[in-house]
Every structure is written in structure tokens, then in C-alpha cells.
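Peer 1: Sequence:
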Amino acid sequence: MRRLLNVSRIQLVNVPVMLGLPLLVLGLAFLTNLAIFAMISDSAQASEPVSGALMSIYFVLLSVHLQTMTQVFPFAAGLSVTRRTFFGATTLVVLGQSLLYGVLLTLLKLIEAGTDGWGLGMRFFGIPFLVRDNPLLQLLIYTAPFLLLSFIGVWVGLVFKRWGQLGVYTVVISTGLLGVLFAFLATWRGWWGSVGAFFVEQSPLALLFAYPLGLAVVFAAAGYLTIRRAIP
0 MRRLLNVSRI QLVNVPVMLG LPLLVLGLAF LTNLAIFAMI SDSAQASEPV SGALMSIYFV
60 LLSVHLQTMT QVFPFAAGLS VTRRTFFGAT TLVVLGQSLL YGVLLTLLKL IEAGTDGWGL
120 GMRFFGIPFL VRDNPLLQLL IYTAPFLLLS FIGVWVGLVF KRWGQLGVYT VVISTGLLGV
180 LFAFLATWRG WWGSVGAFFV EQSPLALLFA YPLGLAVVFA AAGYLTIRRA IP
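Numbering of the sequence shown is given in numbering that gives the first Met the number 0, commencing with residue 0 and proceeding in unit increments.
Since the hints were made in silico from the structure, they are not lab data. Predicted model, so just to flag it, every value in this text is computed and none were measured. Hints may be right or wrong, so weigh each one.
Simulated restraints, written as ranges between beta carbons of each label pair [as the list claims (entries may be wrong)]:
1. 102 with 31: 19 to 27 Å
2. 199 with 166: 32 to 40 Å
3. 166 with 102: 33 to 41 Å
4. 91 with 54: 24 to 32 Å
5. 91 with 38: 38 to 46 Å
6. 110 with 38: 16 to 24 Å
For glycine and all other residues, C-beta sits at the position ideal for the given N, C-alpha and C.
Generate coordinates for the entire structure from the input sequences, incorporating the hints supplied.
Peer 2: As C-alpha cells, then:
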């Protein structure tokens with residue numbers, strides 16, 4: 000464990016990027032939306048406008064951990080850090096960072112609710128389909144997608160280290176083709192009603208926590224298997 004903690008500190012050397020960049024993007028998105036909603040009419044504010052810009056921090060975290068594997072991993076390997084140790088340290092960082100941001104978003108959501116949407120009726124952190132009355136459930140719902148996007152970034156970064164741009168293009172194109180194939184089959188077989196019913200029938204905790212957490216475990220396992228063959 001001490002070894003893992005020591006290696007995890009390597010990833011935290013560039014704190015402004017690792018921890019600060021997602022918060023910077025989130026802060027800019029929040030201020031931009033705040034300025035926009037402050038200028039709209041009172042009638043528009045009465046409808047409780049909702050912003051989807053909260054999702055920006057999740058995708059920035061994906062890019063941050065993609066860089067972890069493409070930039071920090073080769074540096075750590077040069078210091079004789081084993082692949083297994085580096086992946087374990089990365090997992091610790093992902094868990095800690097996801098929980099930290101989950102707590103932060105939960106607190107900001109509570110502040111937003113207590114200030115009636117920052118005095119403007121704006122919903123930035125309290126997006127309707129994400130909102131839960133139980134703070135613990137709210138924390139879980141905010142945290143699980145961080146885990147999922149982080150491990151996707153880790154895996155894609157490792158694919159790049161192992162197979163280069165061709166590997167990344169193959170993953171992207173294959174994912175797109177699978178999406179198109181599914182859409183074709185769903186239209187041909189008339190599955191769209193069942194697909195919609197599946198999502199509607201799921202509990203918010205299952206849809207926003209359990210499934211993202213399960214997928215995060217899948218991508219973490221894929222990352223662990225890929226790093227064994229990745230070229231530092």
C-alpha cells in the first residue's frame with residue numbers, strides 16, 4: 000500500500016491539470032450559464048431553466064486520465080515502476096478524485112437548492128433526473144459517472160500506448176458501427192418501445208449508479224489487461 004501511495008503521488012505532481020483543470024472548466028461553464036440566465040427575462044426564469052453544462056467536468060476528467068496513461072505512465076516506467084503498481088496507483092487516484100468531486104457537487108447542489116438556484120431559479124448542479132433527496136444517494140449518483148469516464152480515459156490511453164492512433168481509430172469506428180447496427184436492428188425488429196420501457200422502468204439508483212459502476216469495473220478490468228501489453 001505504501002508503494003501504491005508513493006506512485007500515486009507521481010500523478011499528483013501536476014496538480015493544476017490533474018485536479019484543477021476539471022474544476023476550472025466547471026467554474027467557467029457555471030459562470031457563463033449564470034451570466035446568461037441573469038440576462039434572460041423574468042418569465043423565462045419562472046420556468047426554472049436547466050443547464051446541461053455540468054457534464055463538462057465528467058468529460059474533462061476522461062481526457063485527464065487519458066493523459067495519465069499517455070504521459071505519466073511512460074515517465075513512471077522510466078523510474079522502474081511496474082505496470083501492476085502503476086495501474087493500482089491510478090485506481091487509487093481515480094477513486095479518490097471521483098469521490099472528492101462527488102462530494103463537491105453534492106455540496107454545491109445543496110447550496111443551489113438553498114439559494115433558490117443562485118437567486119435566479121437556475122438548475123445547474125440539481126439537474127432534475129439527477130436530483131435525490133437523500134444526500135448519500137446523491138453522492139453515489141454524482142460519483143459513479145466519474146469512475147466510469149475516468150476508467151474509459153485510462154483504457155483509451157492504454158489502447159493508444161499499445162496500438163497507437165490506429166488502435167484508437169479502430170475503437171472509435173467499431174463503437175460507431177455497433178451503434179449504427181443496433182439502431183438498424185432496433186428499427187427493423189421494432190425494439191425501440193422495449194428499449195424505452197427498459198430505461199423508464201429502471202430505478203434512478205440503478206440507472207445512474209449501479210450501471211455506471213458496473214461499466215466502470217468492466218473498463219477498469221480492460222485497462223488492467225491492456226496495460227500488461229502496453230509499451231511505456
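Peer 1: For each hint, tell me whether it holds in the structure or not.
Peer 2: We went through each hint and held it up to the structure:
1. 102 with 31: 19 to 27 Å: 24 Å, holds
2. 199 with 166: 32 to 40 Å: 37 Å, holds
3. 166 with 102: 33 to 41 Å: At 35 Å between Cβs, range holds.
4. 91 with 54: 24 to 32 Å: 25 Å, holds
5. 91 with 38: 38 to 46 Å: Since residue 91 and residue 38 have Cβ atoms about 44 Å apart, the given range 38 to 46 Å holds.
6. 110 with 38: 16 to 24 Å: Since residue 110 and residue 38 have Cβ atoms about 22 Å apart, the given range 16 to 24 Å holds.
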